[in-house]
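Engineer: If you want the building blocks of each chain, they are given just below.
Protein chains: 2
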Amino acid sequence: MKSSLFAAALGALAAACASAAPSPADPFDFRQAALVYPRMNDGVAQGQASLVGNGQCRNSNGSSLSGYQPALYTESVRPQIHFSPTVNFMNDPNGLVYSNGTWHLFYQYNPTQNVAGNQHWGHAVSTDLYHWKNLPIAIAPEKEGEGIFSGNAVIDFENTTGFFNGSTPKDQRIVAMYTLNTDTSQTQHLAYSSDGIHFTKYPGAVISRNQTQFRDPKAFWDEKSSRWIVALALSQEFGIVFYSSPNMKDWTEVSRFQSYGILGYQYECPDLFQVPVEGGPDDGKMMYVLAISINPGALIGGSFVQYWVGDWDGSKFTPRDNAVRTMDFSKDFYAFSSWNNSPGKKAYAIAWANNWQYSQQVPTSPFRSIQSLPRELTLKYYRPTPQFGDLILNNRPVNLSAIHGKTLYKSENGNSARNQTVNLSGQGAFDITATFKLPANANITYNTIASFEIFAGDGKQSVKTGIQMGEPAVAYIDRRGAGQSFAAQNPFFTDKTSGIIRYAANYTTASSENADQYVLGPLPPSAYLDSTDQAQYIKLQAVVDRSVIEVFVNDGELAGTSVFYFDNDQIPSKVTVSVGDNKLQLVDLEVRALNSIWSKCKE
Amino acid sequence: MKSSLFAAALGALAAACASAAPSPADPFDFRQAALVYPRMNDGVAQGQASLVGNGQCRNSNGSSLSGYQPALYTESVRPQIHFSPTVNFMNDPNGLVYSNGTWHLFYQYNPTQNVAGNQHWGHAVSTDLYHWKNLPIAIAPEKEGEGIFSGNAVIDFENTTGFFNGSTPKDQRIVAMYTLNTDTSQTQHLAYSSDGIHFTKYPGAVISRNQTQFRDPKAFWDEKSSRWIVALALSQEFGIVFYSSPNMKDWTEVSRFQSYGILGYQYECPDLFQVPVEGGPDDGKMMYVLAISINPGALIGGSFVQYWVGDWDGSKFTPRDNAVRTMDFSKDFYAFSSWNNSPGKKAYAIAWANNWQYSQQVPTSPFRSIQSLPRELTLKYYRPTPQFGDLILNNRPVNLSAIHGKTLYKSENGNSARNQTVNLSGQGAFDITATFKLPANANITYNTIASFEIFAGDGKQSVKTGIQMGEPAVAYIDRRGAGQSFAAQNPFFTDKTSGIIRYAANYTTASSENADQYVLGPLPPSAYLDSTDQAQYIKLQAVVDRSVIEVFVNDGELAGTSVFYFDNDQIPSKVTVSVGDNKLQLVDLEVRALNSIWSKCKE
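If you're matching them up, the sequences are chains A and B in order. Everything in the first sequence is counted per full-length UniProt numbering, starting at 1 for the first residue and increasing by one. Everything in the second sequence is counted per full-length UniProt numbering, starting at 1 for the first residue and increasing by one.
Mixed in with the good hints, there may be bad ones.
[Claimed, not checked] With a straight-line cut-off of 30 Å between C-alpha atoms, the simulated BS3-like cross-links for lysine-lysine are:
id : chain 1 : residue 1 : chain 2 : residue 2
1  : B       : K460      : B       : K316
2  : A       : K201      : A       : K170
3  : A       : K285      : A       : K201
4  : A       : K406      : A       : K316
5  : B       : K460      : A       : K460
6  : B       : K460      : A       : K316
Calculated directly from the structure, the hints in this document are not laboratory data.
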């Protein structure tokens, strides 16, 4: 969060809300927080929070559920397998860290309104990245006018900060770094926790710069230089500045990454992290990726994430080239952040699944915004063209088996099937996966399209996704028919988005003498095709969840995330899988219901 | 033009058309060209073409008008002030050169079908960049399977090529350089003309590279190194390669610009050209801009143009930074090309106003595609943010006075006006320009929007453009309501596009000791505001022309180009100008009809 647009735009709203707020009577009425600006740990002080147990139904502001029980997580627009706060407005994921068997998700949260403002760090935890348990607010502002803006968290195994005593298990030593926003400055601060719930603020700023646009720290322990490194955005100067520290308290600027990619209006949420290469001669090797969110100013409108693959030498990030790549072809994937301390040399991440162009106006209540599906990231060599190899961030959902429900349809090797309609019975969340085959040397037209159309219960509204075959093939999402009342009046709720599909490099046909050959240099066109039948196979997966669709092509080579809002309280109820002309074949199809992660709240 | 997508996709179509073509009976039936593959100058051989006179109504393939007379340039979707061919498919502008008082516009043209393929260089000329006279095809393939692909043209004043004799005036010595496409190669070739109409091919390739993806030469006489330079796209390697030559025939590779910006599937149409700085301490200084079109793979889907401002040292282009910028925020501006030899240190350019995602399917007949309005380009210092200065390509229509018609509405200093409806009487082409004022310190919301809604005659369909105020303000185009029949079925015809608005640097408040201060380094926030009343003024201009809208903010700081297709043969007939809330004021408004450039064809 935080453009001056929103600060400016919401000034009037915030003031209006404060003056109209009810008098503080019900201690569980989340709205009263607008008046009192709850201090850190107010919720926790009740002693009810823990990292285990069946507390999933706790309110996101730490109070009991009395203020919201009746319709908890059952609204027609409420995703069932995506994280969202019980009430009010959420944006960026923050403080992502794996600690003592638990995945922590903090997030930018306004506990008092369903628009941005009054920023706190909300908190939830999971053991599988799908089932989330709401915890009380972790970090709150001290006084009116302050905001706890985005940041991240690390595990201080060796107690370099001195914040912990010997009795705290090493992997429970959580240090959060966040931006304290005021009208006159943005400065960087620490808070720490020994139990993963209660946070203590370290007094004073650890980095300040006489800046109002300086935020979103992403710190990590740097193995190369044996010290802490933090990336911070000089948002309106379009610079990412790196600092180093031995103890998280004393920081020294070491380098700057300046004016790369799409600038837009501001850089936000820098994230430098390591990602394993998947497949090929570098399989398992960890490489660095720098991600930067920008808002507004995405070419597609509003918010988006761009990234560079490169080298980190302990002080400086050097991208492999001057090209800019994006993680998601659609409009609702922003403030991307990776988990620190992920076990097993894996990279996991999540993003806010909305866009500042309309996120404060979308027709969801009493909450606004969700986090994306958790993603597992790898780097893979792809062939964007027959003449070019590229190391691309692969981006697929974390294994969905944790939430798999009933199989609604399953076919394999059904080469003759052209169209298939499957009723979507369940709670509104489904995993639809198909493989399409374009036979060798088939002529293609603009209508050589394989697609899913997911209908609302009324049979009229629908959201679509598909693949237009060709060189390159193109994946798209089309939400034009998915609800009119919001889309028709909002000038920024773009209907159609698309991205081009690359092809996995065919390692077996390339010389392996030089790893660079996998990156630059020709491969035969047959690298596009299956080696046995010279056909082209494309796998399309759509995870649809009431008001969001996330599309993955070829297990994450390409991803697209779009929210949509059916009118009249409709939820997904039927999918039609079809191929646009008879050259294209539906090879296999599986449709599964996904189980609500909030089901315990409904018992 | 030319992705293998289209080659592959159209193979079947081309074959089908050839077999279904009529027997050659009518010598003016343009369709027969499908069979005979007309050789270069077939049309000119009739001796009817000239650069002057009232021949504007000639068919685009050089024949008389008998095959098309009845509805010439009168279709409801036919723009009246934009260049389009009488019949069949046009794409990239080519060979843009100013010669002997005449602006030449060549273009990629399929004289035989209303989809891409069978590429020729079509030709038109103008003395004001608005009124175009169709001339016969300038360069045609010699045999089936060849295509005359994109390229440009230069004036060989000093006859370095030896193509001209002393009697040819120096500024009539036109040399075109184009790509010859076959199934197995793309090579670069020359053709020359002493009269601006008839072209003679120079035998053989002047640059070849054992490449099938090597095209779109843009040559110019380089003042820095006193030799010819050409930029060429290694399209699927994502490189722009520069060559030098003393004589346009013998070329030596001198440098390469590799892997910058958005890569997409291919680089096309590189253009390195000089642009004057407008205003500020560098006023009048010429700087270099490198533009690259990419398709597909634009973040907004399909085709777009990106550019870099930088230095050219006679051999190598070095961008000022690693950021990438775009010329147009919407979907229909591609294959940008500038005119060589423009008089008076000015930069003029044009682009194809469509997108390969749907250009071969849009509901226009018997023609497809138009060129954009001609643009005058300058470089201006802008403030994308209070903390950052940037040299941005300013992009405004060439002075419209050449086609100005009746004034339909004109108000000035009408501070109290909030909404204004003006009937659009004329031929379907209009210039709508308004200035909006946001008073100092006004609170803004998401509804602080100033907008134009241009209605079809049925009063139901409309295309919209507007500005949402804020920091930054955002301009948008919304074609969601402008016709359903095409938009609802095409998965790539995106409805809503937007771009952020920057602010002119306030030179008078900045130190002028160092020109770089205008580029990097803080300026006071007041640079955003008018110095007298601290209000924010934004000027919005929409040129709407039957099936296209081009939007310009603040005289070209931001531009957006969108085609749209009203159903039921409707044309623009009414505009409503409105402000979304009462903080915003409509300061002045002028609505003018624009005169059809094709009117002589209708007499």
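Engineer: Checking one constraint from the list: CA of K460 (chain B) to CA of K460 (chain A), max 30 Å. Satisfied?
Structural biologist: 22 Å, holds
Engineer: For the pair supplied as a hint, K406 (chain A) and K316 (chain A), confirm whether the alpha-carbon distance does not exceed 30 Å.
Structural biologist: With a Cα-Cα distance of about 49 Å, the restraint between K406 (chain A) and K316 (chain A) is violated, given a limit of 30 Å.
Engineer: Checking one constraint from the list: CA of K285 (chain A) to CA of K201 (chain A), max 30 Å. Satisfied?
Structural biologist: 37 Å, violated
Engineer: For the pair supplied as a hint, K460 (chain B) and K316 (chain B), confirm whether the alpha-carbon distance does not exceed 30 Å.
Structural biologist: Violated, at about 54 Å.
Engineer: Would the hint linking K460 (chain B) and K316 (chain A) be met if the CA-CA limit is 30 Å?
Structural biologist: 57 Å, violated
Engineer: Straight-line Cα separation of K201 (chain A) and K170 (chain A) no greater than 30 Å?
Structural biologist: 19 Å, holds
Comparing the model with each earlier hint shows violations of hints 1, 3, 4, 6; every other hint is respected.
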